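Protein chains: 2
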Amino acid sequence: MRNFKATAAFSGTAYHGFQRQEGGLKTVQGEIEKAVYKLIGERVTVNGCSRTDAGVHANGFVFNMFLENSIDCRGLQFGLNGVLPPDISILSVEEAPPDFHARYNCRGKEYIYLIHNSEIKSPFYADRMYRSWYPIDEKKLDRACKAFIGEHDFKAFCAASCDKEITVRTIFDYSVSREGDVVKFTVSGDGFLYNMVRITVGTLLFINDGKLAEDSIPNIIASRDRARAGKTVPPQGLYLNRVFY
Amino acid sequence: MRNFKATAAFSGTAYHGFQRQEGGLKTVQGEIEKAVYKLIGERVTVNGCSRTDAGVHANGFVFNMFLENSIDCRGLQFGLNGVLPPDISILSVEEAPPDFHARYNCRGKEYIYLIHNSEIKSPFYADRMYRSWYPIDEKKLDRACKAFIGEHDFKAFCAASCDKEITVRTIFDYSVSREGDVVKFTVSGDGFLYNMVRITVGTLLFINDGKLAEDSIPNIIASRDRARAGKTVPPQGLYLNRVFY
Numbered sequence: 000m001r002n003f004k005a006t007a008a009f010s011g012t013a014y015h016g017f018q019r020q021e022g023g024l025k026t027v028q029g030e031i032e033k034a035v036y037k038l039i040g041e042r043v044t045v046n047g048c049s050r051t052d053a054g055v056h057a058n059g060f061v062f063n064m065f066l067e068n069s070i071d072c073r074g075l076q077f078g079l080n081g082v083l084p085p086d087i088s089i090l091s092v093e094e095a096p097p098d099f100h101a102r103y104n105c106r107g108k109e110y111i112y113l114i115h116n117s118e119i120k121s122p123f124y125a126d127r128m129y130r131s132w133y134p135i136d137e138k139k140l141d142r143a144c145k146a147f148i149g150e151h152d153f154k155a156f157c158a159a160s161c162d163k164e165i166t167v168r169t170i171f172d173y174s175v176s177r178e179g180d181v182v183k184f185t186v187s188g189d190g191f192l193y194n195m196v197r198i199t200v201g202t203l204l205f206i207n208d209g210k211l212a213e214d215s216i217p218n219i220i221a222s223r224d225r226a227r228a229g230k231t232v233p234p235q236g237l238y239l240n241r242v243f244y
Numbered sequence: 000m001r002n003f004k005a006t007a008a009f010s011g012t013a014y015h016g017f018q019r020q021e022g023g024l025k026t027v028q029g030e031i032e033k034a035v036y037k038l039i040g041e042r043v044t045v046n047g048c049s050r051t052d053a054g055v056h057a058n059g060f061v062f063n064m065f066l067e068n069s070i071d072c073r074g075l076q077f078g079l080n081g082v083l084p085p086d087i088s089i090l091s092v093e094e095a096p097p098d099f100h101a102r103y104n105c106r107g108k109e110y111i112y113l114i115h116n117s118e119i120k121s122p123f124y125a126d127r128m129y130r131s132w133y134p135i136d137e138k139k140l141d142r143a144c145k146a147f148i149g150e151h152d153f154k155a156f157c158a159a160s161c162d163k164e165i166t167v168r169t170i171f172d173y174s175v176s177r178e179g180d181v182v183k184f185t186v187s188g189d190g191f192l193y194n195m196v197r198i199t200v201g202t203l204l205f206i207n208d209g210k211l212a213e214d215s216i217p218n219i220i221a222s223r224d225r226a227r228a229g230k231t232v233p234p235q236g237l238y239l240n241r242v243f244y
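Protein chains in written order, with numbering that gives the first Met the number 0: chain B, 0 to 244; chain S, 0 to 244.
Calculated directly from the structure, the hints in this document are not laboratory data.
Just so it is clear, the structure is predicted and the values come from calculations on it, not from any experiment.
Possibly wrong hints are sitting among the right ones.
Identical copies go unnamed one by one, so any copy, or any two together, can satisfy a pair.
[Claimed, not checked] Quick list of in silico lysine to any residue cross-link-like pairs, SDA-like style, CA-CA up to 25 Å:
#1 Lys-230 to Pro-85
#2 Lys-25 to Arg-127
#3 Lys-183 to Ser-121
#4 Lys-37 to Ser-121
#5 Lys-25 to Ala-125
With the hints as constraints, model all of the structure from the sequences given.
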């Protein structure tokens, strides 16, 4: 048995997240496992680096799996791309040590969140970005978001349904930038609570709109109160961008 | 009755082209006419600047229509965007003289064709670009494509099913450029025969791959023989970019 580490990109629009689910719901994991079976006839379990929510995309999602087959990495990559649906792509495949596990060995992740900042919708961005017509001051938000950086208890930025006992996480970096009418939020950290990225973006939008003060983030963190933070922005703007090992 | 000139962008993936068709096929024209009825209760006929094929997109498709309603341009634009599906957007609306007709007054059009030049598919480009893995020499093709510029009989670059008697058209400009792994073909002219843009791109790809010589375009034009030109590249890379009046 060899252990393969693979990086995938996918558009999450058509899927109920990455992780295989009961009831035959279409998931990215399910599609990859089916593709492996189609290609080499092995029933494998794909270990993903994280769950992702329905509608969330990935530019660099890492998974590993153990195979009996003697196929080489390039053959596996191109073979899988041939049988996978058009909205899932394998960007790279390499052999990994037997003890490598995409989730347990993960040291951090980088997410991006894209907002189409325009009064007028784009037919090409519908499932790829959130749209917000109110002008975004990306310089102001780039200053404000720095308050997320560091080790903090992010309880206030976790969905109410979050069942994690330990809500302390370390944010490595956070930035907000603009290219034309697209505003990009980039955040990396050692781990993220349920909906955490989307709640930080929603909180920054509240700061943009004047519903929260520019310097309010440290107080919201200290409160550990979800009700003090902004709304959860929708999934279609979120991309798992990179995974660190 | 006032005459409204509107510019739309749409993703053509879900549609059987722009023009309304028999048999209830989903078309962009049909969706816009339904949206007008939903918004102001008028049954209108939308005059499009051209047909487009199934799967072809538009960044700036112009149409006109006559309305009784006293709605203003901005109200019409934002109202239509509210009721249209996410893959059709109205970019602008203005009042036009009563004799303005989007097709008859059209003096030319600009198309772009996008190729994802990569061994590895992108889940985000599937319906938006054609993919070609063989490395494209965009500088060579940018030189070769200049032979299309000017007034020529483009019979060799017209689908076999083309029923136009006059096959002379004037190409204003043609260029090929690259941004990262995306190669862009930009062509403008006073009119285009059926599949003409897609056959010129397919011919340039034959030149890229060495199936045709770099200087072969004048001879292919002179031959008036469809069999001498390259293949017709698929619709999903094609965008009606601008319309000239």
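Provide an ascending list of the numbers of those earlier hints which the structure does not satisfy.
none
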